[in-house]
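Novice: Okay, here's what each chain looks like letter by letter:
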Amino acid sequence: MNRTRNGWVAVGILLLGLGLPLSAQETAAELFNQAAALISNDKPESALGPLRRAAAMAPRDPVVHRYLGYALWRLGQWDAAANELNTAMKLAPGDMYAAYFLGRVDEDRGKTNQAILLFQIAASGPELVYDSVARLGQAYFKRGQFQMSEDAYRQAVRAAPLDSSLHYQLARVLQKNRRLQDADEEFKLSKRLADLDQQQIRDLFVLSNLVREKKDADIESAVTKLMQESTDDAEIMARLGLILAQGGYQQQALAPLERASLLKPSDFETQFNLGLCLSQLGQAADAETALLRADNLRPNSFEVNSALAVLYVNQSRTADAIQRLRRAQALQPDDPAVLALLGHEELAAGRYRDAVKVLVLGSQKRPDDPRILALLCDGYHEEGHYSEALSTARRLMREHPDEAIGYFKAGREMLKVGRNAEANQLFEDATRLDASFEPMIKELQKGSLRQTGAPTSGVLQ
Amino acid sequence: MTSRPFRSVRTQNVENAHIGRHARRVGCFTTCTAVSCVLALGMTAPPAKNQDAAVTFVDVTQTTGVRFRNMNSPTPDKFLIEAMTGGVAVFDYDNDGWPDIFLVNGARLTPNQTGADVDKSSPEYWNRLYHNNHDGTFTDVTERAGLKGMRFDMGVATGDYDNDGYVDLLVTGYGGVTLYHNNGNGTFTDVTEKAGLRTQGWTTGAAFLDFNNDGKLDLFIGRYLDWSFLNNPVCLGNTNVRSYCHPNVFQPVAFYLFRNNGDGTFTDVSAQSHISDHPGKALGVAIADFNNDGLIDLVVANDAYPQELFINNGDGTFSESALTAGIAYNDQGGVFSDMGIDAADIDEDGFPDVVTTALSYQGYDYFHNNGDGTFTSLAADSGLKRATWMLGGWGIRVFDYDNDGKKDVLVLDSHVMDNIQLSEPDLKYEQPPLLLRQLAGRFVDVSSNSGEVFRQAWASRGAAFGDLFNDGHIDVVVNTCGGQAHILRNEGGNHNSWAAFALGVCRA
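Chains as they are written, first to last, in our numbering: chain A, 1 to 461; chain B, 1 to 508.
In short, the hints are calculated from the structure, not lab data. Careful: at least some of the hints might be erroneous.
Keeping only pairs whose Cα atoms sit at most 30 Å apart, straight-line, the calculated DSS-like set for lysine-lysine is [as the list claims (entries may be wrong)]:
1) Lys-225(A) with Lys-264(A)
2) Lys-214(A) with Lys-225(A)
3) Lys-111(A) with Lys-78(B)
4) Lys-78(B) with Lys-214(A)
5) Lys-43(A) with Lys-406(B)
6) Lys-43(A) with Lys-111(A)
7) Lys-111(A) with Lys-406(B)
8) Lys-188(A) with Lys-264(A)
9) Lys-406(B) with Lys-78(B)
10) Lys-225(A) with Lys-215(A)
11) Lys-176(A) with Lys-111(A)
12) Lys-43(A) with Lys-176(A)
Away from chain A, derived, C-beta distances all over 12 Å, residues of chain B [to be verified]:
13) Phe-229
14) Ser-276
15) Gly-294
16) Ala-325
17) Gly-326
18) Asp-404
19) Glu-424
Please read all numbers here as calculations on a predicted model, not as lab measurements. C-beta atoms are modelled at their ideal positions from N, C-alpha and C, and glycine is treated no differently.
For reference, chain A alone in the conformation it holds in the complex (with noise of 0.2 Å):
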């Protein structure tokens, strides 16, 4: 083994329409492949001559001006590496990779406010470039937003659950959102996978790919293998179990959480991951003692008593789940889910006081969400307060003119006041959005359906 750095290699980017004269194309396309080459093989400052040459020959081009920009950035040279990764991005506005590399050196350069901007743009396509989001859950953490780091790395770590950088990352900044017990959990799954065989991370690596790509016949067998490999290393069992819940093959996924649990019956993310399995298998009973061992194991936690509230919910459990909401809103108190399924509960137990404050609360967090708001507009509704009902409704009509509910709860505090005509031509609107309304907005009109029904059974999705 080789003492050397693996560093980033940008490969698989094709020479393709550079916009020269043929010639000229074909000398720049020979130099940039040349240099291309010599970046594959970790030799940038071999590189940097034919990418100068390329650059001269085709200064208009985008690529070539990434790949010396990057070059540059691995000798160091990071004055001149965000010169050159500046001129790709003026040339092709959307390069996502330009905008990954020119962050890398605005981080290495202390520069955080400008490498937010350019993680932001690496990271919105559809598909991660490298591990920009955790860059910027990084550079958040560096400016003292923990709750957008936070945010950001949970949403690497589901990319890449197994990599324990990440998780130690993730327990830096849960730290600093002072949710230690979380933290703890984080660093020592971090350790944990620090510790783990190399090379069963790399079979657990591939069979993360194989879930990604629904290949069902090499699960199996990867499974297989892992089950009889590893069959006594509890954390393995609670990896392997992990993926394939994740990936949405919670059957297969059982026996392992179960062997997982077997082993280590004190591990909290394994009897949670369980648990979770279980619910959506819709085991209810099985779910309910796996998710109270969690709860044993860690009182306080959110995810436990969020999973909870859902498996009663579903179970029609009110109470049971409204208790579990309110223990999920006290530890974190803005969270729009939470607050938006408690809203939904106390409507359900028939208190609507109770339930338009929390609806209030979630409205101001999310407002962006026409679930929540057609709550609130149930809650007003329900407690007779017309008015402040049809303005939610009129509220959810303008910021959401495309979705019938804002409609359908409008024509009904019309109907309510007796404003029969406004009624029916907000019902019309409702229906030419989503036809599906039509039978409540009949039994509507006949007057006998109650208002908290179907088209808001969504907030619990």
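Please arrange chain B on chain A, whose structure you already have, making use of the hints.
Specialist: What follows is chain B alone, placed relative to chain A:
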């Protein structure tokens, strides 16, 4: 208060210890009648100041009479120890007020060697003690002092473990450590066995420290990894040429902590202190009271392995807390090749910070102590990462080289692999030293204005710092792997004021 395998350690407070920046011993201590007293001697402000004048370092090795070449005995087998020696110490062994120099050497290795025994009998392989003649020259007194050594050695730590007023010497190396008692007459005696220092394996960074505050210096000894002549696999670089193996090829090993019994012996408390519960791949160690609780803590520089922070619990045990303190990894959560470390309160907020070296493309790190048990990397913000991106660092020191009251950094650099250019032509094995001046909280690379020595490329390893010429400017001694040692004289230049204190504790 720091130590690493390749440079000296300043001793902790005991009788006759040197304390503080610009420490200088002048003559003998005054007799005291109190239980304890402190003697201060000062020298200040010579000629007129010139703040704009550059402070420069000059390589004065040739005129000092120090002719030392480190013999690392490179073989085709690429024995890993060849790449890691050697250390150096600057300390006043004869209490004449002038710092002397101790340089660590390798030994003769033979290709296909399998046994641990090495041949150090030939003078070219000896460790060397140079006596300071007070006139800018040094005399080799190794033989008389009895410090030739017996192993393929790595590092050195200094401290007066028996509180007799003379600084003793601990030499680390492959096969264990050697403790030399300073007899006070210019000679040393190997007291390793008598002192109960039974160690094995590849010992590297070490530090004398008083972890239980009993006034007696205890001893931390780091070890590198489980390499041996028999466990020396063939590792090929990208070009299929045999190279030194990456540390990942080997298992980490446990460290030692010895408690000083006060009678010239030590007790191995590695297990009961929980130090040995946390193996690592140590190349250096820095000691400081990181949480300001009055107890000395340790931070270990591990090579391609998480750093370790041992917080002193005050009951004879330590808690390893690098992970939660945010100092185990770099700010991206990755391990780095830490081959040198120092601790000092860089920003003067009352809490010691930590600087570490690394390999090329990693950047050295500056872990700022937040004062709440955690650290934050300021590598990028401070400019350290930018200045060190292409370098590999060994000896590193935070000190005020220009007497402006701000702490600066000097690093001795080199890649680990002597054939690195075969696989990575962009990198160099021999690299120049780096001088970083602290300006408004950032480190500015002032190497190009600070003397020709910063344009010389060496395979540097250890470095020791001290005012060799008693002129108020801190000088540097550099040991190189397989090359000549260098003495870098700090010429001053800005004529900033300085003061020297000789501190001691005298018993009534």
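Novice: List, from low to high, the hint numbers that the structure doesn't satisfy.
Specialist: Violated hints: 3, 4, 5, 9, 12, 16, 17 and 19; rest satisfied.
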